[in-house]
Structure formats: structure tokens, C-alpha cells
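Between the sequences and the hints, there should be enough to build the whole structure, so can you do that?
If you're matching them up, the sequences are chains A, B and C in order.
Just so you know, we're using the UniProt record's numbering here: the first sequence kicks off at 1 and counts up by one.
Just so you know, we're using the UniProt record's numbering here: the second sequence kicks off at 1 and counts up by one.
Just so you know, we're using the UniProt record's numbering here: the third sequence kicks off at 1 and counts up by one.
Since the hints were derived computationally from the structure, they do not count as laboratory data.
All values reported here derive from a predicted model rather than from experimental measurement.
We treat Cβ as the ideally placed atom computed from N, Cα and C, and that holds for glycine.
Don't take every hint at face value.
Distance condition first, Cα-Cα at most 20 Å in a straight line; then the derived EDC-like pairs of lysine to aspartate or glutamate [claimed, not checked]:
1) 208(B) <-> 183(B)
2) 419(A) <-> 88(C)
3) 145(B) <-> 35(A)
Only part of the chain B face toward chain A is listed, based on derived beta-carbon distances under 10 Å [claimed, not checked]:
4) 51
5) 138
6) 150
7) 151
8) 183
9) 230
10) 235
11) 246
Residue-level listing of the chains:
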Amino acid sequence: MPNTAKKLVSALALGTVAVAAGCGGTAPASSENVDLRMTVWTSNEDQLALFDSIADAYIADHPEVESITFESLPFEEYNTTLTTQIAGGNAPDLAWMGDLSADLIDSGALVPLTEAFEGTEGWGYDDLLPSVTGEFSRDDELYAYPFSNSPFALYVNTDLLAEADQTLDPANLTWDQVSAIGSAVHTATGKGGFVVNDFNYSSWNTLATVWTAFGASAWNEDGTECGFDSPEMTEAFTFLHDAIYVDESMPGPGTTADFFAGDSAFAIAQVSRAGNLDGSFAYDIQPLPAGPAGDYSVIGQAGMGVLQSSANVEAATEFLAFLTNPENAEKLAQYFPPPRASLQTGEALAANNDKFTAEQLQTVVVDQLPGAVTLPNHTNPAEVAQTGKTALDAMWAADADVPAVLASVCDAIDPLLAK
Amino acid sequence: MRTDLAARPAPAAPGRFGPVARRVALYTALIVLAAPFVIPTLWMITSSFKPLNEIFASPPSFFSDAPTTAAYAEAFSFQPFARQYFNSVYIALVVTAITLLVSALAGYAFARIRFPGRNLLFIVVLVGLLVPSEVTIVPLFQMFKQAGLVNTHWPLILVTALAAPCVLATFIMRQFFIALPVELEEAARLDGLGRFGIWWRICVPLAKPALSAVAILTFLASWNLYLEPTVYLTSPELFTLPQALTRFTDPYGGEMWNTQLAAATMTVVPVLVVFLIAQRHFVESLAHSGLKG
Amino acid sequence: MTDTRLEPREASDEAPRGRAPARRARFWTLRRTDAATGYLFIAPQLIGVLVFVVVPVGLAIWYSLNEWNIFTGELEYVGGGNYQAALDDPQLPSVLGATAVFSGGVVVLNLVLGLALAVMLNRRFKGAVLFRTLFFSPVVVSVVAWTLVWGFLLQDNGGINGVLEQLGVDGPNWLQSGPTAMIAVTFTQVVRSVGINMVLFLAALQGVPGELYEAARLDGASSRSVFFRITLPLISPTLLLTAIITIVGALQSFAQIAVLTEGGPGLSTTVLVYYVFQQAFSFNDIGYGSTLALMLLTFVMVLTVIQWQLRRKWVFYED
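Given below as C-alpha cells:
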């Protein structure tokens, strides 16, 4: 055969051989040689190293477990990639989850954990704060361990406040005060007043950090009735709309004002974002300002759970119980505000945090967690978020009719809430 | 056969550049037009040397007061960026090599060999060009999952080298071979060459411009692939560059803008430099690829 | 394959009627051998398209007839349910409208600008090569990086409005109102991809024989009529090819929309391909996503067939 023909045949063969090669399928997992895989959205090497070291300690005592891998998926595409894996029958054994948790729990994709945790000696199930387990529970059954519970707080750029001759009165911290100071800072310096981090005129669920102050909520307890057309919500959005278009205390849509780059006086952001403070300006941190409905606190959460589709549910659950036991929970607390009451002291948190003092952490984390509400979460989160956003976009114009836009948000998401 | 495009006298308007004013107008128009083509890339490069807090400074500036290369170091320490660079390069090279072979064979056959069903089969192949990847990505994922090839480079290589970008290549090759004088082949036949001989010894060497065009377009298609690696690959050491670019986020999902810009610069600049060096050859390749529709 | 003597191509068209009976009896006639070679040559490409395009499209049709619970992996046959849902979808008309405006805008601007640049640069002057390179350079920049940078520049307090302010113009908040957001995504897409068309047009312009211009000039034709009467008809085959490639590309522009506007504000820049992605990958409604994707495929096919049919009307010559 001539040389060219050989090449041709090999090219032809390439497609078929390659497809045939993998057709054997994967062998069913046995109780020996267990390989566990957990999807995470961090790619931070220190955090991954911590998880690896805990996994190594576990493997040392459990010879049947061959390996435990932590697979980092990008945060932006985490939900998409995880669901694609689940749909493709390639689901991990364990997974981190954010707003996908409701879907996973309600579709029965997660393994119940309460019994396993309670049955593990020294695990201390009662140590978990009730306020942080609600989001991951159904009928008192826990489906994911809330390993990260980061309260939202008010970051203050004290340099900018000083430049505009403004002082914050922490004793009477209200949204009206924040807006007034923000407006003064904007007038005096041209910088932004207050920003809600990550909102970007798109992720409206982060505005819960504001509307909760007015006593509003996105929907009722069981997620069946829209709350956007309530008088409280109208009041909250009237406040925001005025802040943008009348007082100019909140940067409008399309204006980048990054607090951590020194572009705004205040930011509503999670305590865990403190790592972004680079020391280029003087800062302070306060609990969220009070509103008409009084004091409140809001947290953003992440959980870890075991998937029912795993071939090694038992081994995976046992490992999760090890990963989250008091000893390891303390290690995880270096990076993630913990759910355990025993770890909740300002000193304990300050030991791993060089941005804030123990007192600051006591006020903005420890004192907030017990009474905190979570960001609004619903089954089918992406479609609810997107559909709501499409309707809410009309709000961000100077001449918007606030009640009418809010009513249209309800019209848009009602069919989804009813599902 | 080959003419230098730039050196060719202006056929549209000989002697048109008499008045200086006309020339000034031309340059002004070109410079204004070129701004949106050039400034974003330049801004990306200069901003990659800025500290994070300067990137969003308003009004935006071109150059930093305190330039730093910290973001470049960060790009390599944050994830296996060198490995990811290698992945992108080798995948693009393999895909390009397979595509050259497959498209040169198929393009020649569709242009020159008569066989029953040729036109129908050509239309079937062309359909491959028109199907958006969004239609096929979910079924393909299922198929590769069945074959145990998820989280390997096989899907990226096979689909790119045999489906849509390769179909465009086959189309380009067919157009080129159709335009090739048939007498060359007839002479070769008289010398006793068979189809393979004619294809390999006569036609492929003559097709260099078209092959170069195909090589460049295929390389870029593979190099810029974004949706597919995101779906198929999950291990950082297997990632390709466009996918790796979106992974520069802090533990809470916040974008590490300066690191992203530094990494983006590193992915863009080498390709840009190669293009700048080879651009004369590149444009000529496309010009002589016989791409006349 | 060792049979090296081949009839000239034209001869192989002839039926073997006139041949000697002895040769007719042989199965591997030259014609058959040649045909077999042809099949062998196209086999890798054909198999590739069948396996990686045709089979997946078939599967997508199957998915579109089902409701797929992504978490439990259960498929439930719903027949035309997803197609009915598409007819009832209140958002779909806006999406189709945005798709038409975006694709139409991209195609027209891309062809006009590509041709204009090619005509300007198809002459000999200092810097022609440099400008050609500059206009082509965005093609080699990755879509994600390119769009990200434009996202910065198009902010209300971003670079573009900064420049406009210097000129005394109060720039609009580009990405925050429907019409300007559409202009922005169209413009960035055109600037990124027009380089390819420019080069293809340059190539085509090179192919126009100089004598034709000479003759036209001697007849006293104006440069405008030379362009419309001679240049344009002669490069019309390239125009057809670039039009097809550009339309297909425009209908598949995903990253640009995802990074710049996320389809907003409202639905103003939600084009069909982005909507498909949302349904299938964000909302996990693979059945409905597949239905919409097949709709997109139908559009592409119909448009291509129409163009292919119309080419007889306006394309000057073909092979």
C-alpha cells in the first residue's frame, strides 16, 4: 500500500477506534477500592490543600477508600456544569451547592444526613445553629451541611467620608443615614455613595440585603406567592429608586463603582469579601443599617451534600461526617464562617482574620448569625432569577413607575412560583 | 501565479492620489476607522500591568501610575497555566493536522472525482456547517459519556477536526480544486499516476495557498473554542486557555480582573505576533485559496 | 487501487455502452474504481458529519419530544408539548425580533464595512499593509477577552463616554437601554469579525481583470458606475459566500451577548441562540431547549436555501 493510503486508512480508523475504545463502560463500584469525588467551586490552592489534607487523614484510617478528589468547577458555571454532569450520568459523589440546593433537595437528588451526623460519635449535631440549617432542611431532615455562612455587612470607606466631612453614627445606623452620607460623598468627591456588591443591576436577589430592612420578602415562606407587589416592597424599591435618581447616593446602572478599588463610600457585601481590602484606604465594618422594620441580618450560604446517584452513598456520607466533625469544622472556619455555635466567638474568628478585630467580628458575624435570614432561594433558581430580572430591568430608568414594575415582576414569576 | 497584494498597482483608481488632500483624507478615515479595532487590545495589554484598584478607575486610563507584573505571576501560581497553554497549543495543532488531511481528501473528491450521489453527499456534508453547536452539544455530551471520553481531550479533537470547522475547510478545498486546470492532472495520468498519486504529488503541492488558509482558520477555531471545553472538561490540568481565563476568580466567585487581563494578554499576544509576522503570507493565502463562492 | 490508468474526467461521464464487451464483464471498471476512490476520499469527512452532526441532530429531535428531569434522569414522552409551549411562549416573539434585528444588522454592516475596507486598502500606498493588519487583528483575539474589554469601555463612566465627553457630547448609557444595547452588541460583533470578510473581498478584488477597468475608463465611466457595473457583479460570488458565512456566524453569536448584556435590558438583546442556552443549560429544560435549537437550525437552513436559490438572480457567474 502506498504511504498516502496508509495515512488515509489510519485517519479513517481514528474516528471509529476512538469511539470504540471507550465503549466498555465503567465497572460497577464495589465496597472495596472506593473512589470519591466532590465538586467545589473554589480553585484556591490553600483551600484545596486543606481539603486534601483532611481527605488524606480519612483515607489513612479507611483502607477501603482508594482516593478522594476535589474537582474545582468555575464559580460562574458551577450550577450549569454540575447539572450537566448529573444529566450525563457523571454526577460526583459529593458536591458544594449554593442556590441549586432547593432543586436538588426537592427532586430527591440528595441523601438525608441527620441520622448519619447524629450517629457519629462526638459530631455534636445540636451544635449547629438553627438559623443556618433551615435553607438545607426539609421537615427537620438536613440534606446539606452549611459549611459557609457569611453575613452581609456594611463596609465603610472612612477616607472618603472624611474627605466629604461626613461621620457615621454607628449607634443610630439607618438606611436614611447611609443614603444621606452617600449623597454627600458623591456630591463632594464624585465617587459613588453605597453599592450592593454583586447586584450589578442583574442579580436582584442580593437586594434582599436592603428590602428586608423594610420588612419585605421576595415570596412567602413556602415560595408559592410573590411578595414584590407588597407595600413593603414598594417602599423598599422607592427608597432604592430615589437613591439612584433623586439623591444620587447609589451609582446608577452601567456605572462601575467598585468599593474595594476605593470608588464608593459604602458597600453591602459579605464579611468573607474582606480579602479584597488591599489597604489602599481606611475602612470600617458595621452590621446592616436598620430600616422601617428595625434591625435584621442576612447571610449567604453554601452547603455540602451527598448525591443519591453516587455508587458509594455510604462511604461518601461517612466521609462528609468526618469532614464536618468539630475538629475539621474548626479548620474549615479559617476560610468559611462556620455553622457551629461552639466556633462562634469573635476571638475564634479573629484568629484567622487579619482584616478585622475580634470586636468587629463579634458584631458583624457572631451577633448576626442566630437571627439571620438567607438570600431568597427557590426551586428552579436560574429561571426565576432570569425571568424576574427581565421584568425588573424596567425599574432602572429615571421615570420608572415603581409599583407598576413590581406588579409586572409578580406577573412574570407567578407562573414559575406556582410550578 | 502569485502576486503580492500590496505591491499590485491600484486597479480601481490609477493616478487617483494626485492631490495631497485626498491622501490626507484617506489616512484620516483609516485612522478613525482603525481605533475601535486596535484600542481594546491595547487597553487590555496595558491594563494587565495595573494594580486591581486602577482597572476600574474612572475615567479609565491607559497607563498605570504604578505598573506591576504581579498579575502575571499570579496567573501561573493560581492554576496550572503553563500546562493549560500546552493543552491549547497541542490540541490546535492536532486538529489542524487532521483537518488538513481530511479536507484535502474530501475537497478533492467532491471537486474532481465523479461518483454516484456526489452532489447529495456534498449537501449532507455542508449541513454540518449550518448546524449550530448549541443543537448538538447535549446529545454529543451523552454520546461521549457513553464512550467514556468525558474529561478527555478526545471530544475537542474529534468534533473540531471532523465536524463544523472541517466542513468549512472541505468547502474551501473543493472550491480551490474546482478552479485548478484539469490539464495538469491529465498530464499526470499519462505519466501513469493513479488518483492517490495525482492527489498527493500534483494537487496537494499546488494547493498550498488553500491549505495555509485552512490551517490558519482551523487553528483559530480550535484555539478560541469556549463552549465545548466548558462542557467536556472538569480537571484544571486538562483545561484549554479560553476556559482557563474564566477561572481566575477568588474563593467567593469575585473576578480577579487584573489576573484575567494578564492571562488574556498572554493568550492573545503570541497569536497576534505570529499573525503580524506572517500576515502578508496569510492574506495572500486567503486571496489565492480560490475562495470565490 | 493499483490500477493506475484512469480515463480523463470527462470520459468517465460516458456510459460504458460503447466499450468492448470484454471490459464490460469486468466488475472493477475504471469508472467503478474511480468512484470507489471518491467514496474513500470523502469517507472521513462524511463519517465525521454523520457521527458528530447528523446523529446528534436526530437525538435532539428525540429530546424535543420529551420532558427531561435532569436530576433524576427520567425522560417523559410529551409528544408535541414542547412545540406547543414554543407557540405559547410570551417571550418568544421578542426573542425572534431581537434575533432578526441583530443578525440583519450584523450581516449588512459586516458586508458593507468589509467591502468598503477592502476597496480602500486595495491600492498601493504607504501603510496599506499595516492598516490591513490592524483591521484584521481582532479576528485572532479570543471572543471572551474581546467582549470583556468592550464591556469595560461601554460602561456609563467607561472609555467611550470619556472620549465623547472630551468632544462635548453626553454619551448614552450604552448597555442600559434596549436600542443602544443592541447597537453595542452589533457593533462589537462586526468589529471583531469584519476582518475575515475584508480579506475575502480583497482576494476577490484582486481577481478582477485590470483590463476591464481600463476599458471602462476609456469609455468615460465614472468611478461609481465602474464599481456598481463592473466590480460588484464580478465579486458577487464572494458576496454570496461571505453573506452565508456571516449569517450563520451571526445566528450563533453567543459569547458576545452572554458577556456584554446577558440578553438585557429586558429581552432587548436576547437572541435565539442565547435563549436556547438559557433554557437548556441554565433552566435545565433540555426538551424545550432542544425544540428552540431545532427552530434555530430550521431558520439557518431556510435562509441558506433561499440565498442559494436567489444566487441565480444576482450572482454574476458560477462554475
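Quick rundown of the hints versus the structure:
| no. | hint | verdict |
| --- | --- | --- |
| 1 | 208(B) <-> 183(B) | 19 Å, holds |
| 2 | 419(A) <-> 88(C) | 17 Å, holds |
| 3 | 145(B) <-> 35(A) | 18 Å, holds |
| 4 | 51 | 8 Å, holds |
| 5 | 138 | 8 Å, holds |
| 6 | 150 | 6 Å, holds |
| 7 | 151 | 8 Å, holds |
| 8 | 183 | 23 Å, violated |
| 9 | 230 | 6 Å, holds |
| 10 | 235 | 7 Å, holds |
| 11 | 246 | 5 Å, holds |
This entry does not satisfy hint 8, going by the numbered hints stated previously; all others are met.
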